[in-house]
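K.L.:
Residue numbers (this note's numbering), protein chains in the order written: chain B, 1 to 112; chain Z, 1 to 112; chain W, 1 to 112; chain X, 1 to 112.
What the hints contain is simulated information worked out from the structure, not anything from laboratory work. Predicted model, so just to flag it, every value in this text is computed and none were measured. Any given hint could turn out to be false.
Claimed, not checked - Where chain W lies over chain X, by a calculated footprint (3+ residues, C-beta under 8 Å):
id: 1; stretch: 20-28
id: 2; stretch: 41-53
id: 3; stretch: 56-64
id: 4; stretch: 69-79
Ideal Cβ positions, reconstructed from N, Cα and C, are used throughout, including at glycine.
Number of protein chains: 4
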Amino acid sequence: MSDELTVPELQRRLAEFAAARNWQPFHTPKNLASALTVEAGELLEIFQWLTPEQAGAVMADTDAARRVRDEVADVLAYLLQLCTVLEVDPLRALAEKIERNESRFPAAGGGS
Amino acid sequence: MSDELTVPELQRRLAEFAAARNWQPFHTPKNLASALTVEAGELLEIFQWLTPEQAGAVMADTDAARRVRDEVADVLAYLLQLCTVLEVDPLRALAEKIERNESRFPAAGGGS
Amino acid sequence: MSDELTVPELQRRLAEFAAARNWQPFHTPKNLASALTVEAGELLEIFQWLTPEQAGAVMADTDAARRVRDEVADVLAYLLQLCTVLEVDPLRALAEKIERNESRFPAAGGGS
Amino acid sequence: MSDELTVPELQRRLAEFAAARNWQPFHTPKNLASALTVEAGELLEIFQWLTPEQAGAVMADTDAARRVRDEVADVLAYLLQLCTVLEVDPLRALAEKIERNESRFPAAGGGS
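All chains, please: the whole structure from these sequences, using the hints.
P.N.:
Laid out in C-alpha cells, this is it:
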C-alpha cells in the first residue's frame with residue numbers, strides 16, 4: 001500500500017516524514033528551491049570531470065550508480081515537496097509544457 | 001491515452017519529442033545534468049529576492065505562478081530524461097531513499 | 001580613480017551602487033548565495049549543449065562572448081558582495097586554499 | 001612574491017598548480033562552468049536551512065566560517081580558471097557591468 005509508486009503517494013510520504021520530525025517550518029518555498037538547486041549541483045558533480053564515454057558508463061560502476069540514484073532521489077524529493085507547498089501538480093505542469101513545446105518546436109520531418 | 005499523467009508515460013512522450021527533433025545526440029548524461037542544474041537555478045531565481053511572506057504568496061500572482069509551473073516542468077523534464085538515459089527509476093529511487101532516511105532520522109516522538 | 005581594477009575597489013563600488021538604490025536589505029548572505037548560484041547556472045547555460053570544440057570557440061562569436069563576460073561579471077559581483085557582507089577576504093581565502101591543496105595533492109612529478 | 005594577492009597572480013598560481021598535476025585536459029570551459037555551479041551550490045548549502053538571523057551570524061561559528069571561506073575559495077578558483085581559459089578579464093568585465101548598470105538602474109535619489 002505505502003509502497004505504491006506514484007507521485008501523489010510519494011508526496012504524501014514526504015509530507016508525513018517531514019511532519020513527524022517537525023521539519024515543516026524549514027520547508028518554505030525559498031528553502032526548498034535552494035535545496036533543489038544544491039542537490040541538482042550534487043548530481044552534476046558526479047559527471048563534471050568525466051568524458052562523455054565515462055559519463056555514459058557511469059551506471060556500470062556500483063558506487064557511482066548508487067550515488068546517482070541517491071542524488072536523483074534528493075532532487076525529486078525537493079521538487080515534489082516544493083510542488084506540495086505551492087500546490088502545483090508537477091505531472092500536469094510537465095504535460096502542458098510538452099504540449100506548448102510541440103507547437104514551439106515543430107518536428108524535423110513534420111512527422112507524428 | 002497520451003494524456004495519461006504518469007511518470008513512465010511522460011518519459012515516453014519526452015523521448016518521442018526529442019527523437020522527432022533529432023535531439024538525442026545532445027541528451028548525454030552530462031548535458032542533461034547540466035540542464036537540470038540550470039533550470040533549478042531558474043526556479044530559484046523566482047524566489048531569490050522575495051521575503052518569506054512574498055515567497056509564500058507567489059502562486060497568487062498569475063504571472064509568477066505561470067513561471068513557477070513552467071520552471072517546475074523544465075526541472076522535471078530534464079530529471080526524467082536523465083533517468084531514461086541512465087535507466088534509473090526515479091520513483092523507486094525516491095521510495096528507497098525515504099526508507100533509508102526513516103532509519104537515519106528517527107521521528108521526533110519516536111512514533112510510527 | 002574609480003576605474004582602478006582591484007577587488008577591494010570593485011567591492012567598494014558595488015557597495016556604493018547598492019546603497020544608492022537602497023538594495024542593502026535584500027543583500028543578506030542567503031539571498032546573495034542564491035543569486036550567485038543562479039548566475040553560475042546562467043553562465044553554464046551558455047555551454048550546456050555545446051560540444052567541447054564549440055565550447056572552446058565560444059569567444060570567437062561576438063554575441064556569445066558578450067554573454068560570457070556579462071555572466072562572469074554577475075557571478076563575480078555576487079561573490080564579492082557576499083564576501084563584503086560576511087567580511088571574508090576572497091583573495092586570501094583562495095591563496096590559503098591553494099596552499100592547502102598543494103599539500104593534499106602532490107604534483108605529478110613530485111616537483112615543488 | 002608568490003604571496004602577492006592579486007587576481008592575475010592567483011590565476012598564474014592556479015594555472016601552475018593544474019599544469020603540475022596534468023589537470024589541464026579536464027579544464028575545458030564546459031567542465032569549469034559545471035564545477036563553478038557545483039561549488040556555488042555547496043556555498044548555498046551552508047545557508048539553505050538557516051533563518052536570516054542565523055545566516056547573518058554564520059561567521060561567528062568557527063566551523064561554519066571555515067566552510068564559508070573554503071567554498072568562497074572554490075567558487076573563485078573555478079571562476080578565475082574559466083576566465084584564464086576563455087581569456088576574459090574578470091575585473092574588467094565586472095567594472096564594465098557596473099557602468100552599464102549605473103545607466104540601467106538610476107539611483108533612488110538621483111544622486112551621483
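K.L.:
Now tell me, hint by hint, if it's right for this structure.
P.N.:
Against the structure, the hints come out as follows:
1. 20-28: holds (count 4)
2. 41-53: With 8 residues in contact (Cβ-Cβ under 8 Å with chain W), the coverage given for the stretch 41-53 of chain X holds.
3. 56-64: holds (count 3)
4. 69-79: Since 9 is at least three, the answer is holds.
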